[in-house]
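Engineer: So the sequences go chain by chain: A and B. Here the numbering used here is used: position 17 in the first sequence is 60, and no number is missing along the way. Here the numbering used here is used: position 22 in the second sequence is 90, and no number is missing along the way.
Every clue listed holds true.
Simulated crosslink set (DMTMM-like; lysine to aspartate or glutamate; CA at most 20 Å straight-line): (1) B/K257 to B/E167; (2) A/K164 to A/E262; (3) A/K132 to A/E150; (4) A/K188 to A/E169; (5) B/K325 to A/E137; (6) B/K178 to B/D237; (7) B/K325 to A/E140; (8) B/K83 to B/E72; (9) A/K122 to A/D135; (10) B/K118 to A/E227; (11) A/K223 to A/E137; (12) B/K171 to B/E182; (13) B/K325 to A/E134; (14) B/K325 to A/D135.
Simulated from the structure, these hints should not be mistaken for laboratory data.
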Amino acid sequence: MKIKPLLPLLLFLLSFLFLSCQREQKAAQNTNSIQIKGSDTIVNLVQVWAERFVAENPDDYIGVTGGGSGTGFAALMNKTCDIAMASRKIEDSEIQEANRNGVFPFEFTVGFDGLAILVHKTNPIEQLTMEQLRDIFMGNVQNWKELGGADLKIVILSRESNSGTHLFFKEQVLRRGDAKAKEEFAPQALLMPSSKAILDEISQNPNAVGYVGMGFSNENVKTIKVASRGSLNFILPTAENVLTWAYPISRPLYLYTNGDPQNLVKRFIDYALSDKGQRIVIETYFVPIRKL
Amino acid sequence: MAGEFRKTADNLIEKIIFLCGILSIVFVSLIFIFLFKEGISFFTDFSIFKFIGGRFWYPTSSPPQFGILSLIVGSIFVTAGACIIAVPIGIMTALYISEVAPKWARDILKSLVELMAAVPSVVIGFIGMVTLVPLVKTVFNAPTGLTAFSGSVVLAFMAMPTIVTISEDAIRSVPWQYKEGALALGATKWQTIRRIVLKAAMPGIIAAIMLGIGRVIGETMAVMMVTGNAAQIPNSIFEPVRTMTATIAAEMGETVKGGVHYRGLFAIGLVLFTITFLVNFIADLFLGRSKK
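Using the sequences and the accompanying hints, generate a full structural model.
Structural biologist: Written out as structure tokens, the structure reads:
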């Protein structure tokens, strides 16, 4: 008699085991459900795409999660997502790693983005050259005084190393566009878990400087004008300046699929590249791939 | 017949209890084996001395650098700070609850301390980020409030319940004859507490501190939110640091299963496991002694 209560419990636990197995199989078979994972930079954009797309196709299910470009590539390789969003190009070593896992990354450029350099509102600095930015983020310049600002220690804010924004900024600014160079962020740079965290810290800290995708910038912080290498034409990251490549810290945004896209994956990517999808790119403060 | 059944039932229950009893041992060994298996292969690619003694943690650069000295120092700074704050307050709270407080205050305090243990760490981290971080910046005039000190304060809150409840148990289990004897010899209440109660309960209190440390060193979420995550060796407690736990949590998502970075993070886990194991082991030694 005493064993009886244990039996339902055991069955209950076993059923969980079965359910979890079944669900995994379902995700693989069901073409009406896809998972998208990757860059926090464009997660808002892809989220809006997914919402509008599902509103038009109520039978489809699209899950969108962030985590960083590297996270997205890792998920694509581990086959836990169908589309990886990225704010940087996939690296050769990652392609090889993917091929070894039987995954063949296929690239789509879906928009453009500029990285805004942000400081506190009270910071008197208005503009910086690419070399000055490099000095700041590598720790060669440690006080705002040296750049004509107040006598305050510079606090560098960067994203985590799994962020495509982090890698892009490193390559474009620190390594002067040479991917094979060895420059690194100063060890004292704070690695913030999200663009939101960078914005929050800058809006309350007069010492801080950081970078975020131009879509994240808001009125609580000041955006710095930046000049390209060898020029003294300081400009802001606007849609126009990014599309004409005049703004020096601009980059394409990508979606990656495993092989030639099929079914829902293909329909979703077509939607993203359509005029409708590209208008959403503008809506979320990014730059479309063509003039609309 | 009925007797037969009772016998089998008895036997069965005994077996089940035995199984549950050794389950935790099985789990701990399985966790350790898994950790060891994933972590140890890292050292075939990367020297263990460079790993523990290296100052630079650049896991995604090429070639990557996996030096965790700054992470170990970060963990130690935060943990030591938390102990300096939590240990005196915790022991005094325990003394107050068990020796001084009137019954009504004791009941309220005890349940409140236990409630403190139930607050999720992410909530404590969030409150710390919003209230403590700006406060630390202004009070200590630091370049940023995201410092080791902020992490210590937040962790002190989380270690306190462990320290208070276990040392209170130890203090209460001091035989009343000791106290009566001291009081009968003309000692004041404070003299009795200091010379007799504290001394007799000391092994238990040390065990409480050790368990508190174990909790603190393994804490992740709250620390990640308030310490700034800069992988540098700090000069003072008012500089940003990066702990081992925060590194694993922040970077695990980006890694490819089986890759060097993935195994490097497991190697950090191995170091962390060794440290907490040692701390718990020492705590057990003291707890064992207090029983005698």
